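The chain contents come next:
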Amino acid sequence: MRRYAAAVIAFVSSVRPPERVASLQTRLLIAASLVLLAFLGLTGLSLERAFRNSTLAAIQERLQAQVYLLLGAAELDQEGRFTLPEELPEARFSTPGSGLYAQVVDRSGKVLWRSPSLLGKVLPSWPAPPALGKTRFVIAAPAGTTPVFVLGFTVNWEISTNQYRRYTFYVAQSQQPFQEQISSFRQHLWGWLLVPALLLLLVQGLILRWSLKPLRQVAQQLKAIEAGEQTELSGPYPRELLPLTDNLNALLHRSQRHLERYRQALGNLAHSLKTPLAVLRNALEQPTPTAELRDILRQQVDGMNQTVAYQLQRAAAAGPLALAKPLALEPVARRVMASLAKVYADRSLRFEVQVEPALVIHGDEGDFMEILGNLGDNACKWSRSRVILRAYGAATPSGRMTILDMEDDGPGIPTGQVPVILSRGGRIDPSVAGHGIGLAVVRDLVEEVYRGTLEIGSSPAGGARVRVCLPS
Amino acid sequence: MRVLIVEDEAPLRAQLAACLRQQGYAVDEAEDGQVGLYAGQEYAIDVAVVDLGLPQLSGMQVIQHWRAAGRRFPILILTARGRWQDKVAGLEAGADDYLVKPFELEELLARLRALLRRAEGWTRSVIRCEPVMLDLSAQRVTVNGDAVELTSYEYRLLEYLMLHAGQVISKTELTEHLYEEDFDRDSNVLEVLVGRIRRKLDPTQTLNPIETLRGRGYCFRLQRSPA
Numbered sequence: 001m002r003r004y005a006a007a008v009i010a011f012v013s014s015v016r017p018p019e020r021v022a023s024l025q026t027r028l029l030i031a032a033s034l035v036l037l038a039f040l041g042l043t044g045l046s047l048e049r050a051f052r053n054s055t056l057a058a059i060q061e062r063l064q065a066q067v068y069l070l071l072g073a074a075e076l077d078q079e080g081r082f083t084l085p086e087e088l089p090e091a092r093f094s095t096p097g098s099g100l101y102a103q104v105v106d107r108s109g110k111v112l113w114r115s116p117s118l119l120g121k122v123l124p125s126w127p128a129p130p131a132l133g134k135t136r137f138v139i140a141a142p143a144g145t146t147p148v149f150v151l152g153f154t155v156n157w158e159i160s161t162n163q164y165r166r167y168t169f170y171v172a173q174s175q176q177p178f179q180e181q182i183s184s185f186r187q188h189l190w191g192w193l194l195v196p197a198l199l200l201l202l203v204q205g206l207i208l209r210w211s212l213k214p215l216r217q218v219a220q221q222l223k224a225i226e227a228g229e230q231t232e233l234s235g236p237y238p239r240e241l242l243p244l245t246d247n248l249n250a251l252l253h254r255s256q257r258h259l260e261r262y263r264q265a266l267g268n269l270a271h272s273l274k275t276p277l278a279v280l281r282n283a284l285e286q287p288t289p290t291a292e293l294r295d296i297l298r299q300q301v302d303g304m305n306q307t308v309a310y311q312l313q314r315a316a317a318a319g320p321l322a323l324a325k326p327l328a329l330e331p332v333a334r335r336v337m338a339s340l341a342k343v344y345a346d347r348s349l350r351f352e353v354q355v356e357p358a359l360v361i362h363g364d365e366g367d368f369m370e371i372l373g374n375l376g377d378n379a380c381k382w383s384r385s386r387v388i389l390r391a392y393g394a395a396t397p398s399g400r401m402t403i404l405d406m407e408d409d410g411p412g413i414p415t416g417q418v419p420v421i422l423s424r425g426g427r428i429d430p431s432v433a434g435h436g437i438g439l440a441v442v443r444d445l446v447e448e449v450y451r452g453t454l455e456i457g458s459s460p461a462g463g464a465r466v467r468v469c470l471p472s
Numbered sequence: 473m474r475v476l477i478v479e480d481e482a483p484l485r486a487q488l489a490a491c492l493r494q495q496g497y498a499v500d501e502a503e504d505g506q507v508g509l510y511a512g513q514e515y516a517i518d519v520a521v522v523d524l525g526l527p528q529l530s531g532m533q534v535i536q537h538w539r540a541a542g543r544r545f546p547i548l549i550l551t552a553r554g555r556w557q558d559k560v561a562g563l564e565a566g567a568d569d570y571l572v573k574p575f576e577l578e579e580l581l582a583r584l585r586a587l588l589r590r591a592e593g594w595t596r597s598v599i600r601c602e603p604v605m606l607d608l609s610a611q612r613v614t615v616n617g618d619a620v621e622l623t624s625y626e627y628r629l630l631e632y633l634m635l636h637a638g639q640v641i642s643k644t645e646l647t648e649h650l651y652e653e654d655f656d657r658d659s660n661v662l663e664v665l666v667g668r669i670r671r672k673l674d675p676t677q678t679l680n681p682i683e684t685l686r687g688r689g690y691c692f693r694l695q696r697s698p699a
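For the protein sequence lines, the chains are A and B, in the order given.
According to the numbering used here, the residues represented by the first sequence are 1 to 472, in order.
According to the numbering used here, the residues represented by the second sequence are 473 to 699, in order.
If you are wondering where the hints come from, they were derived from the structure by calculation, not from laboratory data.
Given the structure is predicted, the values throughout are model-derived calculations rather than measurements.
By construction, the Cβ of each residue, glycine as well, lies at the ideal position given by its N, Cα and C atoms.
Mixed in with the good hints, there may be bad ones.
Unchecked claim - With a Cα cut of at most 25 Å, we get these calculated DSS-like pairs of lysine-lysine: (1) B/K643 x B/K672; (2) A/K110 x A/K134; (3) A/K342 x B/K573; (4) A/K381 x B/K573; (5) B/K573 x A/K274; (6) A/K342 x A/K381; (7) A/K110 x A/K121; (8) A/K213 x A/K223.
To be verified - Residues from chain B shown here face chain A by an in silico Cβ test under 8 Å; the list is partial: (9) R493; (10) G554; (11) D568; (12) P574; (13) L577; (14) A586; (15) T647; (16) Y651.
Throw the hints in and build the complete structure from the sequences for me.
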């Protein structure tokens, strides 16, 4: 039992390539974490970008409002010079270094007015004046100067009828508060994203552990089977794993049955060889006349030969194969019949093979060659001119069956003789060659290994018909 | 008839060879697949007995090589494995019959006789050309129902000619198929044997069953009876 379980486990683990491979859990965890990180990263980046854009828009709007305020406060004195009052509408224009600055230039670029806040400040060069009625918003941050946002706005003032003067108002604001706002937002954002990310990873790890639990259970149970504590995988298992566990169980059962058959065959062999050996030894030890010794020898050797052949063929049966692909019966039948036709070439027998082309069987090719070969061989020995093999599926009260009929047109088998020919070494006519174990082997294969039935009757062709019924 | 035995078990090979020689066959022995393959390709083999479990080259491969090389002589396989799967595989590889070990020598001889006559198109074990009947199983010859007493050598020669009735058989072919390598090919043993067979089959010299074709060989000229 242990050896077979070990074989099954070796079979299962042989699916894995020889080099070390990351566990399923690790793989899933890595993949899911990467996806999660990418998702959260992109989310963070786009949130940051959106925040930055809306802040910039707000700043631009505020600077525009300051321009309008200055515009409203500006006037021309008696000499027609551009002036702004001492008391400005925005106090920050008056406070030096407040971070809010303004300047007004005329058409030629001559500075007409600078806000008191600009006192002692070096600001980057002001951008070129925008076209009439247009605003220009610039983020200026040349090296060595205070980075600022600058908004320029050009207007035409009508001094008298049809006489205009063009002024450009510049308002600048230090970028420092903006940068502070952005970086504080960034800190908060990533902090808030990191916490759910870690939480999600944790949850995901737990989910994976939970989902993979049945697989770990399979591995544990296989270990238990190897250790001989268990004979099969016991569920319940999730639907996705059922094909695996069912097939493994089928494989295990098959190995068990195999082993039992081997053991039985060995036991039987030992048992049935020792008797003739004892007879031979006794014959040797006693002064037996040569002729008698020869008779004893022949008898016992024949018996041992039959025993060996029968038990070995029985043990060699593979049995129903749950895992193998279904076996198409027709090619097997044709090959066996072609072989028989070759062996019995002299007899000019007609072989009729009528097998449903779609007929499949869950079994071993060797077993079915054995069944068909032995039945066919038997039919050939007795037939006069025809050997007929029919195979078809049929619905019976006990479910769907596959039926194999091997028929001949020989003398047939009298009902009373049936048990004789089904027994090991039973031959109705000893002059027909053969070990006489063919039908007994077929019966064992059909009844014990494939759980079917074997029935001997008469054929419409005139001879015997051996019918094998197998559950589909 | 010349038989090639390819069998690695020396005692079994010796038994088979002795039994076949006693029956009047010329026997070639090979102890493994390589030697067997060579013998089957080089010698005028009439039938081969091949064990499937051979060292060097398996019996199955030997058979496949022979068949691929166009060698058509019948082949009987010996196998310890009695499964039909093995039998079918052997027959599909090109063998003509099988025998599962252990077997009785009588059974082997019967199978060989059957293969030899089948190869020449005879379907029964009693072959007949006009009044001459030759029973391959009993190794008995009758003319018009009267038994003819032949020595083992005479019988083998007549059997070969009758199995190939209607064909011209050269002296070389006869010596190759009837005698082993050490046979003295220049002797006139064949002429002597043919002369004796003629006298025994046809004491009155009315039938003239065996024709001598000068420089070409012999021909059993009586018509084959339909099987």
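Okay, the hints, checked on the actual structure:
1. Proximity of B/K643 to B/K672 is assessed by CA-CA distance (about 21 Å); at most 25 Å being required, the pair is judged to hold.
2. For the hint pairing A/K110 with A/K134, the CA-to-CA distance comes to about 19 Å; that is within 25 Å, so the pair holds.
3. Under the criterion of a C-alpha separation no larger than 25 Å, the hint pairing A/K342 with B/K573 is consistent with the structure, at around 20 Å.
4. Note on A/K381 and B/K573: the hinted pairing holds, with a Cα-Cα distance of about 20 Å set against a maximum of 25 Å.
5. A C-alpha spacing of about 21 Å is found between B/K573 and A/K274, which places the hinted pair at or below 25 Å, so the restraint holds.
6. Proximity of A/K342 to A/K381 is assessed by CA-CA distance (about 14 Å); at most 25 Å being required, the pair is judged to hold.
7. The suggested pairing of A/K110 with A/K121 holds, with an alpha-carbon distance near 18 Å, which does not exceed 25 Å.
8. Annotation: proposed proximity of A/K213 to A/K223 holds, straight-line Cα distance about 15 Å (limit 25 Å).
9. For B/R493, the interface hint is violated, since its Cβ never comes within 8 Å of a Cβ in chain A; the closest pair sits about 23 Å apart.
10. Interface hint status for B/G554: upheld, as the beta-carbon distance to the closest one in chain A is roughly 6 Å, under 8 Å.
11. Using the Cβ-Cβ criterion of 8 Å, the hint placing B/D568 at the interface with chain A is satisfied: the shortest such distance is roughly 6 Å.
12. Because the closest C-beta pair between B/P574 and chain A is about 6 Å apart, less than 8 Å, the hint holds.
13. Contact between B/L577 and chain A, as hinted, is not supported at the beta carbon level, the nearest pair being about 13 Å apart and thus beyond 8 Å.
14. Interface restraint check: B/A586 against chain A, minimum CB-CB distance 6 Å, threshold 8 Å, status holds.
15. About 29 Å separates the beta-carbon of B/T647 from the nearest beta-carbon of chain A, more than 8 Å, and the hint is not met.
16. Checking B/Y651 against chain A by beta carbon gives a least distance of about 28 Å; that is not within 8 Å, so the hint is violated.
Going through the hint list in order, the structure does not satisfy hints 9, 13, 15 and 16.
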